[in-house]
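If you want the building blocks of each chain, they are given just below.
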Amino acid sequence: MLKLLQNEINRKKAMRPPIVDEELLRLQRTIKNAIKSKYDSSLKLYIVDSGSCGACELELQTLFNPFYNLSKQGVEVVYTPKEADIMLITGTLTENMYESVEQAYRELKKPKKVITIGDCPLMESPLRKTFSMTDIKRVSFSSVYHISGCPPEPRGIIKGLIKYIETV
Amino acid sequence: MRLVARFAREQKKYFEIITVYDSKISKERVNKKTPALISIAKEYPSAVWFERKITDDFGIEILYSNDRRTLIHQEHFPKDSYPMRKEYERDFEVQRQATTSTVKKYQGEVIGPIQAYHLDAATFQIFTQNKEIIHFDVMAFYKYRAIEKMLEGLSFEEAKPMVERIYGASSIAYQIAFLDIQMQASKRQLPDIIKQRHMFLLELERVIAHLDDLSVMANFGNFPEGSFFLMKLLESSKELMKIITGHRFGFGAIGTENMPIEVDAVYDCIFHLEEEIKWFSKWLLTKSSLWKQFKGVGMVSKEIVESFGLVGLMARSKNIDLDRRKESKLYTENGFFISTEQEGDSASRFKIRLDEIEISLKMMKELLDNKMFPFFLGTPIDGEYYAYLEGSAGEIMMYIALDEGKISRFYLRDPSFLNAQASMEILKKNKISNLGLILKSIPLSFAANDL
Chain A
122 MLKLLQNEIN
132 RKKAMRPPIV
142 DEELLRLQRT
152 IKNAIKSKYD
162 SSLKLYIVDS
172 GSCGACELEL
182 QTLFNPFYNL
192 SKQGVEVVYT
202 PKEADIMLIT
212 GTLTENMYES
222 VEQAYRELKK
232 PKKVITIGDC
242 PLMESPLRKT
252 FSMTDIKRVS
262 FSSVYHISGC
272 PPEPRGIIKG
282 LIKYIETV
Chain B
172 MRLVARFARE
182 QKKYFEIITV
192 YDSKISKERV
202 NKKTPALISI
212 AKEYPSAVWF
222 ERKITDDFGI
232 EILYSNDRRT
242 LIHQEHFPKD
252 SYPMRKEYER
262 DFEVQRQATT
272 STVKKYQGEV
282 IGPIQAYHLD
292 AATFQIFTQN
302 KEIIHFDVMA
312 FYKYRAIEKM
322 LEGLSFEEAK
332 PMVERIYGAS
342 SIAYQIAFLD
352 IQMQASKRQL
362 PDIIKQRHMF
372 LLELERVIAH
382 LDDLSVMANF
392 GNFPEGSFFL
402 MKLLESSKEL
412 MKIITGHRFG
422 FGAIGTENMP
432 IEVDAVYDCI
442 FHLEEEIKWF
452 SKWLLTKSSL
462 WKQFKGVGMV
472 SKEIVESFGL
482 VGLMARSKNI
492 DLDRRKESKL
502 YTENGFFIST
512 EQEGDSASRF
522 KIRLDEIEIS
532 LKMMKELLDN
542 KMFPFFLGTP
552 IDGEYYAYLE
562 GSAGEIMMYI
572 ALDEGKISRF
582 YLRDPSFLNA
592 QASMEILKKN
602 KISNLGLILK
612 SIPLSFAAND
622 L
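For the record, the sequence lines run as chains A and B. For the working numbering, count along the first sequence from 1 and bump the result up by 121. For the working numbering, count along the second sequence from 1 and bump the result up by 171.
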């Protein structure tokens with residue numbers, strides 16, 4: 122009995138929500154309202170790593186931690202392009218990933234929206250072009266929105282998503 | 172002898188094969204007309220990927236090898252093109268061949284390269300029987316950016332921002348290895364006060380990496396409140412990295428100049444993290460259901476550790492005290508000790524990560540200093556240089572050959588290169604439902620592996 126009680130005390134301490142500053146609270150409210158007004162239920166993201174150093178994916182993962190808590194604001198990660206509202210692309214486009222990216226784009230739910238995350242997809246990071254990379258323009262995306270940074274910080278990604286949603 | 176790495180380099184009249192063991196470095200010459208090399212994979216199973224890469228990079232045939240598949244080049248890559256040869260320009264255009272994927276011809280389930288099991292792009296081929304994995308194959312190099320070729324012909328200064336971005340979560344470790352080589356090349360010694368700052372950041376990077384792994388593993392262990400708690404600590408640690416270096420991953424943080432640190436505020440942060448992790452470890456002692464789920468899962472045997480030359484967490488989880496940090500006086504004088512476990516399973520790797528976070532935080536308190544020391548690098552002297560360092564996953568080896576002040580060959584071996592190969596053995600006979608947990612318990616980054 123005592124053990125159960127102690128576990129419950131520990132559980133409550135572990136689950137205590139973190140202290141979030143005003144700016145982040147405002148960003149959370151804004152993205153939640155923006156999603157509500159433009160999408161049926163939630164905003165579904167399909168993440169494609171086309172050759173990144175992993176930092177952008179880690180920051181995308183961070184968006185769902187207790188601080189940024191985007192799942193509570195209506196953002197969801199899906200694992201098939203058919204379900205996705207937006208395809209997010211991170212990293213330089215490698216020759217070895219080219220076909221997978223193209224195929225994912227083909228399967229993407231209409232109206233096929235793409236956001237490039239970080240400086241690599243547009244070759245704006247310090248990495249130099251090699252034979253193993255290809256130009257992202259080779260994939261015939263109808264429109265691409267860009268969130269810059271190396272990697273963009275979580276708040277930067279949220280701000281970018283809000284700006285993008287406003288254009289929809 | 173433990174095999175650390177095996178790679179090739181082109182010299183004017185021949186190819187040179189450099190094989191790095193823990194106790195010696197051996198070099199062989201291979202003629203350019205009919206380049207061939209005898210495999211060492213019978214003795215060292217992890218040599219298979221090193222040798223397949225040598226073939227893809229330089230077109231050197233591997234004799235007496237039973238695995239001659241390409242490793243880096245996928246089906247579209249033109250035959251008889253070996254891009255690490257000097258005759259190939261960095262950005263030569265690959266004339267894609269029509270692709271006929273061989274992967275899907277086999278049976279079993281093919282997952283990837285875009286998939287839910289791993290953040291990085293990689294393909295896994297899994298064969299199961301009665302929900303048990305009977306064969307597992309890792310197909311990597313989807314993220315192959317040809318970093319080795321990218322850095323050729325560049326000066327240290329030009330190459331540095333690229334080295335920082337090979338693998339974001341290990342940026343500090345790679346930067347330190349790179350600076351170590353710069354120091355060797357300029358025949359100078361970095362003052363202890365600067366080394367101390369770098370060690371502090373390396374330990375913080377380790378804390379971040381371990382917290383990230385632990386939070387995901389806790390989730391796989393049906394312990395969401397544990398995962399939630401660890402994610403909060405992870406975010407605080409990343410913010411601490413930003414406070415100290417101006418960047419959440421520490422890009423650009425390792426150099427010979429020190430940014431001033433608000434020592435008291437940083438100390439408070441570390442103290443808070445330390446208290447929280449101690450409390451969490453104590454709570455975990457009572458979570459028998461969690462340990463039950465991790466126990467015996469993803470077991471690595473001593474034989475696999477030794478034959479694949481596994482390092483870091485993988486070796487330490489099987490009671491092999493491999494850790495490059497023990498060689499440094501600065502570490503041992505600041506409270507470093509090696510944490511090892513016996514079983515070699517996911518529970519062992521979970522426990523070691525927890526222990527190492529505590530050890531790192533304790534050392535960070537000792538290493539924290541705000542002294543400044545003006546220091547300038549000298550002119551680099553041509554030669555070959557090796558750096559070894561204990562990153563969060565284990566031993567990292569970096570090699571640079573310098574010619575006329577420019578990089579003529581860059582090579583990096585991350586623990587992931589060994590772990591990816593060993594994972595195929597480790598996953599056998601495990602339940603398919605434990606795939607995610609095991610893959611997270613093994614330090615495995617494809618950004619670091621694929622280069």
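One thing to keep in mind: the hints can contain errors.
When the alpha-carbon atoms are kept at most 27 angstroms apart in a straight line, the in silico DSSO-like pairs for lysine-lysine are as follows [unchecked claim]:
hint, chain 1, residue 1, chain 2, residue 2
1, A, Lys258, B, Lys183
2, A, Lys153, A, Lys284
3, A, Lys124, B, Lys466
4, A, Lys133, B, Lys463
5, A, Lys134, B, Lys358
6, B, Lys183, A, Lys250
7, A, Lys124, B, Lys358
8, A, Lys159, A, Lys250
9, B, Lys403, B, Lys413
10, A, Lys134, B, Lys536
11, A, Lys280, B, Lys413
12, B, Lys500, B, Lys358
13, B, Lys458, B, Lys403
14, B, Lys463, B, Lys500
15, A, Lys124, B, Lys453
16, A, Lys124, B, Lys413
Just so you know, these hints were derived from the structure itself, not from any lab. Just so it is clear, the structure is predicted and the values come from calculations on it, not from any experiment.
(request) Please write out, lowest number first, the hints stated earlier that are contradicted by the structure. (result) 1, 5, 7, 8, 14, 16
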